[in-house]
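Residue numbers (UniProt numbering), protein chains in the order written: chain U, 1 to 206; chain Y, 1 to 206; chain D, 1 to 206.
Careful: at least some of the hints might be erroneous.
Covered, in the sense of this in silico footprint (three residues per stretch, anywhere, with C-beta under 8 Å from a C-beta of chain U), are these stretches of chain D [as the list claims (entries may be wrong)]:
no.: 1; segment: 29-37
no.: 2; segment: 163-171
Sample of chain D residues lacking proximity to chain Y, with all beta carbon distances greater than 12 Å (derived) [as the list claims (entries may be wrong)]:
no.: 3; residue: I69
no.: 4; residue: S88
no.: 5; residue: Y149
no.: 6; residue: T159
no.: 7; residue: I187
no.: 8; residue: V189
no.: 9; residue: S194
no.: 10; residue: L198
Derived from the structure by calculation, the hints contain no laboratory data.
Every residue gets a Cβ at the ideal spot worked out from N, C-alpha and C, and that includes glycine.
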Amino acid sequence: MFFQVIDILGTIAFAISGALVAMNKRMDPFGVLIIAFVTAVGGGTLRDVMIGIEPVSWMRNMTFVYVIISSAFFAVLFRKRINYLRKSLFLFDTIGISLYTVVGIETGLIAGLHPLICIAMGTMTACFGGVLRDILCNEIPVIFRKEIYATACILGGITYFLLLQFFEDRNILFVIVGLVVMTVRLIAVRYKISLPTLYKKDEGIL
Amino acid sequence: MFFQVIDILGTIAFAISGALVAMNKRMDPFGVLIIAFVTAVGGGTLRDVMIGIEPVSWMRNMTFVYVIISSAFFAVLFRKRINYLRKSLFLFDTIGISLYTVVGIETGLIAGLHPLICIAMGTMTACFGGVLRDILCNEIPVIFRKEIYATACILGGITYFLLLQFFEDRNILFVIVGLVVMTVRLIAVRYKISLPTLYKKDEGIL
Amino acid sequence: MFFQVIDILGTIAFAISGALVAMNKRMDPFGVLIIAFVTAVGGGTLRDVMIGIEPVSWMRNMTFVYVIISSAFFAVLFRKRINYLRKSLFLFDTIGISLYTVVGIETGLIAGLHPLICIAMGTMTACFGGVLRDILCNEIPVIFRKEIYATACILGGITYFLLLQFFEDRNILFVIVGLVVMTVRLIAVRYKISLPTLYKKDEGIL
């Protein structure tokens, strides 16, 4: 119950973030809906398809479909006033990636995958909705360029496997991992920490 | 038989539309062939992969492979004179999305998915070949921005489920749904109706 | 053993090529790692997902994961001096696509697919990592525009099926196909041969 509420809050934040980017690109209502959808379920869809869980998760859980459609609708209606929600949305988003990371790791474990692959699946679940959103909007994905975002998920994943042996009760471990992801992200945003960009002038090697 | 002829006409229209966009981007023959292919089978491929029908449909039906290769070849050879075919191609394309919508809905139903998901699958089958084409050509997908295209498919899908209870014979229902999609699209193009674009200035919320 | 060494050399070349493109786009370390990964395993992942081999290959073989991470790390560390490796990298890349082509054809055959589809799978395995890399970096894929690259893979695939009846021992056939792909690519690069670009002015047909 508790987890489901969090999951829905995360989905709302992702869907609204997608809708906002789409409106910023002057898309029509259909485009806005699709981008909201892809942002919210894209990461999990890629994960499911690559692991072989099909039909993919969101097709079997209508709650998320309704939540996403409502969120997109809400974002369109209140697009002029959504700035007042800036802080709430950032919080939802941060909660969302924390939970999505844990869900992705879990899915990988159930499929019997190697810990490193599980961490990759957690990060993909949390981050690749945003990557797909940026590709559809014809941008270089923002998380490849300037934010501690995926890094928070990766650190959460590493924490998971470091602590795995000490916890009988997975639920407590999940909460800890979620808190690690959130803390890293919040600190990075608060103190404007980002990874350095690497640069290599194009000399046409390959 | 009747349906298969329509399916092939749709595939021809999609493949030629892809080849034209690729040539407009100054691609080489290989690029033109790939874009023609992706435009024609991309929507169905995404649908199959997400539902779990693998190997995906076009790998098991060589007719479509031959039709697409021939269409791309034709588009390249007659690229200077293809304007004379403008109206036929538009008609094929409109017939194509009507049929693809129905095929997508059917596929969803057979997989036991919820009606809303089936409508999404129908729309995806009809429209996402064009979306993938635009991504590969580094454009924001045109259907997100300015055309009643997906909307026609969605209205067709809604019609399907509204009328489902009244028809014993699925074939008649399919024809009706196809006609709805075609009519909406033709009216929209004839009277230059499009969805309004939504706009939200970027204030960097998330 | 011999094949595995070649496979790893190819993976190294692909991962480094991805990392270099990502650095050229001023990505951060996370972005560089992801692009290296996608370039190295993207083609095989698409192939596996479309055929239905899941979890996809690289999730079940940690060797490649370690090779890719190390290659990306290496590319970042030595990015200023990597020009000295220009020729080795080009060679690895050429060896890589030769082997990936053969691996893709094999995978298609095992899945019982039509020879044409197998050739497509071979070409996809070899080339679509680079296509995905370019999409993530917001470029029109380079192989659609100016290089004999995919063409070499296609010619290798055709050779495979032309000679299939004459060889009891598949291994010899693989080596021959690999040599065809390499030879075509090396000759094309040496004599700067490329496919002509086709051009069709946009008159907004569809």
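If you test the structure against every hint from before, which numbers come out violated?
2, 5, 9, 10
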